[in-house]
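Participant: Based on the hints, put chain H in the right spot on chain Z.
Protein chains: 2
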Amino acid sequence: MDTQDIARPRLSEEDWLAAAYEVLTDSGVEAVKVMPLAKRLGVSRTSFYWHFKDREELLEAMVRRWEERNTGNLVARSEAYAESIAEAMFNLFDCWIDPGLFDARLDLAIRNWARNDSSLQERLDLADSQREQAMTKMFIRFGYPQADALIRARAMIYTQIGYISMQVHESTEYRISLMPGWIKVFTGTSPEQRELDRFLARHR
Amino acid sequence: MDTQDIARPRLSEEDWLAAAYEVLTDSGVEAVKVMPLAKRLGVSRTSFYWHFKDREELLEAMVRRWEERNTGNLVARSEAYAESIAEAMFNLFDCWIDPGLFDARLDLAIRNWARNDSSLQERLDLADSQREQAMTKMFIRFGYPQADALIRARAMIYTQIGYISMQVHESTEYRISLMPGWIKVFTGTSPEQRELDRFLARHR
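Keeping their order, the protein sequence lines are chains Z and H.
Numbering-wise, this note's numbering puts 10 at position 10 of the first sequence, and it's gapless, one number per residue.
If you want this note's numbering, it's the position in the second sequence, counting the first as 1, plus 204.
Chain Z extracted, bound-state conformation (with noise of 0.2 Å):
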């Protein structure tokens, strides 16, 4: 036997990560357990201490993951480059089709893991207040007033979640020709074609 082979792990931190992420969104948190996660991988549970230190470990990494992609995204969307406020809403939609900028079946595990774990809930508190921080501060920067913006903002984040807990079943290309009836709720302006354009294009 070559101990070089027993070293050496073979599955990666992202194969334990993915295997968790399944388990997460679709049984919850308490199904998230190393012996199960090893079963379903086909692999001892030796390798799982190869990449983690115990489960806690693994459950820290899933949360930062959650907070970097799903937080970390709808804040810089909503900072990036734009020359209207529609062009700015457009930029932060990328977040509403595109799975790999904003996880929302993610985003409603951690929601209901949080019910029963306060220290995830604080954390959680703290992404909601970021994400209406950096909307409002979108809505001020195209000249909305403070108050009239902080309710912009929420009306956008209260409509996302409320979206993702009904687990709404659109396919995405009614969910875009939506999106300039969305944009004319949220700002009170409509996009002009050029703008619906650009967004169109990029995902194409």
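Note that these hints are calculated values from the structure, not bench results.
Take these hints with a grain of salt, some might be off.
With a straight-line cut-off of 30 Å between C-alpha atoms, the simulated DSSO-like cross-links for lysine-lysine are [stated by the list, open to error]: (1) Z:Lys39 - Z:Lys53; (2) Z:Lys137 - Z:Lys184; (3) H:Lys257 - H:Lys237; (4) Z:Lys137 - H:Lys388; (5) H:Lys341 - H:Lys388; (6) Z:Lys53 - Z:Lys33; (7) H:Lys388 - Z:Lys184; (8) H:Lys243 - Z:Lys33; (9) H:Lys243 - H:Lys257; (10) Z:Lys184 - H:Lys341.
Facilitator: Leaving out everything else, chain H in the frame of chain Z:
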């Protein structure tokens, strides 16, 4: 021992429903069971069967109560007399601040329960579509084009459900103070002072 006393229920149907409501909204539907409820109420479970054939009948009564109160009132308030879209919105907002008209805790509990109960999920989908239709019609009644009315109705529904599922904590006073701003986002117009006054007078 007086047989009359044995036959006469010591608790009303309402007492059982109230206890079941507390358990459902705190701990989810799995926790709603006859024996623990009887224990909680300090009676034998015999009393339960005076009012309900079985657990299923109790759960059905709870779902019917939710349908009548939450969806029933949202639809009724959408159809109530109004002179303008702002007045119609204030009619609807009654449901956002009066738990007697719309019970947010119960709505959230029903949504969590429906995730593991496909027949309840069907009733929830029906309720959501009744709410959407009623609000869409409300906007159409005040001259909004069909497609625009639908998006505005959805914005309101997703916002409400997002707000509930994020378990936002705000005082009623603060929530009321934001309502003219919400009306501006949802309708594109601001309410007049007399419309706000009429609403405030109802909630004094």
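Participant: Provide an ascending list of the numbers of those earlier hints which the structure does not satisfy.
Facilitator: 8
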